[in-house]
Amino acid sequence: MQENYHYENLIGKLDLCDFINQFNGFFARPKPLHLQGDKSPLISLIHELDKIIFTPPPKIESLDTFILKLKKFGVLKLEEIFEFIKIIRYFLYLKSLDNITEEMHLHRYLQNIIIPESLSKLTKIFTESCEIKNGVYEELDSLMFSISRQKEEISKTLSEILASAKLAPYLVDKQIHYINTNETLLLKAGFNHAIKGIIISRSQSGFFYLLPNQVYSIHQKISELNDKLQDYLYEICKNISTLFHKNILFLNFINKEFDKFDHLQARVCFAKTYNLEFVNTQTTDKTIILKDFVHPALTHPKPINIEFRSGLLMVTGVNAGGKTMLLKSILTSVFLSKYLLPMKINAHHSKIANFKNIFAIISDPQNSKNDISTFAGRMLNFSQILNTQDLIVGIDEIELGTDADEGASLYKILLEFLLNKQAKIIITTHHKRLAALMANDSRIQICAAIFDEKRQIPTYEFLHGSIGKSYAFESAKRYGIPENLITQAKKIYGEDKEKLNELIEKSTQLEMALKQKTTQLQDKISEYERKKQEQQDIIEKLKNDYEKEKYLLHTSYTQALDKLKEIAKSKETSDIHRGINNANKILNNFKNQHNILTSIPPNYKEIKIGDRIKHGSQKGSVIGKNGDMYLIELDSGVRLKTSATKLKIIPNHRPIPASSPKININYQNNAHVSLDLHGLRSQEAIEKLDKFLSDALIAGFDEVIVYHGIGTGKLSFCVKEFLSSHPKVISFCDAPPQMGGFGAKLIRL
Numbered sequence: 001m002q003e004n005y006h007y008e009n010l011i012g013k014l015d016l017c018d019f020i021n022q023f024n025g026f027f028a029r030p031k032p033l034h035l036q037g038d039k040s041p042l043i044s045l046i047h048e049l050d051k052i053i054f055t056p057p058p059k060i061e062s063l064d065t066f067i068l069k070l071k072k073f074g075v076l077k078l079e080e081i082f083e084f085i086k087i088i089r090y091f092l093y094l095k096s097l098d099n100i101t102e103e104m105h106l107h108r109y110l111q112n113i114i115i116p117e118s119l120s121k122l123t124k125i126f127t128e129s130c131e132i133k134n135g136v137y138e139e140l141d142s143l144m145f146s147i148s149r150q151k152e153e154i155s156k157t158l159s160e161i162l163a164s165a166k167l168a169p170y171l172v173d174k175q176i177h178y179i180n181t182n183e184t185l186l187l188k189a190g191f192n193h194a195i196k197g198i199i200i201s202r203s204q205s206g207f208f209y210l211l212p213n214q215v216y217s218i219h220q221k222i223s224e225l226n227d228k229l230q231d232y233l234y235e236i237c238k239n240i241s242t243l244f245h246k247n248i249l250f251l252n253f254i255n256k257e258f259d260k261f262d263h264l265q266a267r268v269c270f271a272k273t274y275n276l277e278f279v280n281t282q283t284t285d286k287t288i289i290l291k292d293f294v295h296p297a298l299t300h301p302k303p304i305n306i307e308f309r310s311g312l313l314m315v316t317g318v319n320a321g322g323k324t325m326l327l328k329s330i331l332t333s334v335f336l337s338k339y340l341l342p343m344k345i346n347a348h349h350s351k352i353a354n355f356k357n358i359f360a361i362i363s364d365p366q367n368s369k370n371d372i373s374t375f376a377g378r379m380l381n382f383s384q385i386l387n388t389q390d391l392i393v394g395i396d397e398i399e400l401g402t403d404a405d406e407g408a409s410l411y412k413i414l415l416e417f418l419l420n421k422q423a424k425i426i427i428t429t430h431h432k433r434l435a436a437l438m439a440n441d442s443r444i445q446i447c448a449a450i451f452d453e454k455r456q457i458p459t460y461e462f463l464h465g466s467i468g469k470s471y472a473f474e475s476a477k478r479y480g481i482p483e484n485l486i487t488q489a490k491k492i493y494g495e496d497k498e499k500l501n502e503l504i505e506k507s508t509q510l511e512m513a514l515k516q517k518t519t520q521l522q523d524k525i526s527e528y529e530r531k532k533q534e535q536q537d538i539i540e541k542l543k544n545d546y547e548k549e550k551y552l553l554h555t556s557y558t559q560a561l562d563k564l565k566e567i568a569k570s571k572e573t574s575d576i577h578r579g580i581n582n583a584n585k586i587l588n589n590f591k592n593q594h595n596i597l598t599s600i601p602p603n604y605k606e607i608k609i610g611d612r613i614k615h616g617s618q619k620g621s622v623i624g625k626n627g628d629m630y631l632i633e634l635d636s637g638v639r640l641k642t643s644a645t646k647l648k649i650i651p652n653h654r655p656i657p658a659s660s661p662k663i664n665i666n667y668q669n670n671a672h673v674s675l676d677l678h679g680l681r682s683q684e685a686i687e688k689l690d691k692f693l694s695d696a697l698i699a700g701f702d703e704v705i706v707y708h709g710i711g712t713g714k715l716s717f718c719v720k721e722f723l724s725s726h727p728k729v730i731s732f733c734d735a736p737p738q739m740g741g742f743g744a745k746l747i748r749l
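Quick note on numbering: the working numbering labels position 354 of the sequence shown as 354, and the sequence is numbered without any gaps.
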């Protein structure tokens, strides 16, 4: 059975012969279908190979005989040596690929193949056409050159003979005729008066094919040179064979590793060529989920979608409705997944369990050669699998070959026996009796092939959870049976059974309607999820825009402030004005970027003064706006400034309160970073200093300078006392010498 890799019979039953033959064409040399070793690392290697670009290996002969010859100290021929060279060259090529990175399993696999330096150098002496390169062996080059020169001498000698006026009367034509690899001339009788040579043959017209003596002597020289050449090549092959014998363990190892890689690359190249996928998601509970699976034998297929979670799948329904192909498709998917072969399927949404044994009871075993009946053949097949562990079995038309009632009772017991042994079973049947007997078993899953009543044809789709009608009369009519004969058959069939079929049919239609509504609801749910995701994307985009704007604002503010600090340290008024201008440029640049980033989306409603809004859990109204900041008044009477992203417009249900007197404060920005108090009385200086600090705080300055002079020290003392008691002054100190020294104070706000 399958554990011994005897799968040829199964391939035929599942209609996979052409598919497997196509796959075998991608091997570099013929080999069995199965892969040796643990599946998990092999799957990783396949997926990594699928992601890189590489050249498949060349066609290579089996090296088993050559290795056996080397073990017996034999001498390999040059072409046999070259088969080893091709394998070594290919692994050197794989190890040189840049797209195989260090973190890949493939890289670690190739690093374990360490090619001896002597064999690596040996690959460099051969051309791609199994010839030794020029310049490697001087004597070999000399012999090859001598042979080539002698061949040129033959051409030159023949040209001189053909140009001879003495020979012209005897020439039938001026062509060179090759007879048994010899260059001959076709001559008339009497040629012996003009030329000497050896007659090789005669033409049908009685003319003579003559090998001239001059050419014959050159052939003798070439023959001697060829003998020397073969002797020298034998010595080369002998030396290389000796080297191979020393590395026989490595050659045996790399021969097996090449077969392993050949398995992997053939699967990857086959999948890429025919747009197939690998299913590597395996279940521990023996569940089989197929999504958009297509059987390789079908030319115009309808993809199969099925979830086979139970122990037994019973497929009923219309004749020629695809029941057998469903059975074959499930077994095919398990077979291909077991041997890591690609298939046409949605691999992302599919899961296929692994089974040690796959068995198909599909064809009718009855024929004169087997000397066995249909039912006896079925019983023989069952006897072979009753004690098989880890089994998936498919049985087509289980009712074949015996009485319906007896068969239903027998198959019920056999199927339950297999289910108790944890076997996975797929059967196709028209036995309503068998379906009824097993319908209450929770381990059984039922599905029916659907028939289109309007078009009177099968749909090749399946309805799960329902027993299907066979539609024998409809199928007979479709295939040409006369209407009157079908009517007579219906009368014999009986009204009660026909009513039962009608009930089955109505049940099927209700199931289909329910399935259609479920599909519509799923579509609506998908649409809702899509819109929800779009909304989340918009919210995320607004948050990102806000963070960018906040970052730009902070950066621009910091740059402008740094400029002002640098200029404030200078005494020159012109430098101060120049610094303020530079700061304004930075702020203007920010405003331009701010306008780009805060472009309002088409579905975003602008907040206006007077709009009712919600801030957090509290409601209020917008009473003012400055740029992107809004002044809002909450219903509790609290006023605060906030950004638009924290506000939500709500319907305006609150009556507009009566207007109350408002106090408008017009403020002109006259802030400066320095103040000169020279010549002022103490009281005037303090008033001016207080206003200066207020303007600086409103302007957002964090560092200013005040010039009070030294003099008697009274004004300096008053300034110091005032700054010590001011709540917004963080610290102050005497200015640096270049900025006024003891006559000025540097204040941090």
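Hints are computed from structural coordinates only; laboratory data are not their basis. It is possible that part of the hints are untrue.
Stated by the list, open to error - Listed below are the simulated DSSO-like cross-link pairs for lysine-lysine, each with C-alpha atoms no more than 27 Å apart in a straight line:
no., residue 1, residue 2
1, K344, K356
2, K156, K124
3, K77, K124
4, K517, K531
5, K174, K188
How the hints compare with the structure:
{"no.": "1", "hint": "K344 - K356", "result": "holds, 23 Å"}
{"no.": "2", "hint": "K156 - K124", "result": "violated, 36 Å"}
{"no.": "3", "hint": "K77 - K124", "result": "holds, 18 Å"}
{"no.": "4", "hint": "K517 - K531", "result": "holds, 21 Å"}
{"no.": "5", "hint": "K174 - K188", "result": "holds, 12 Å"}
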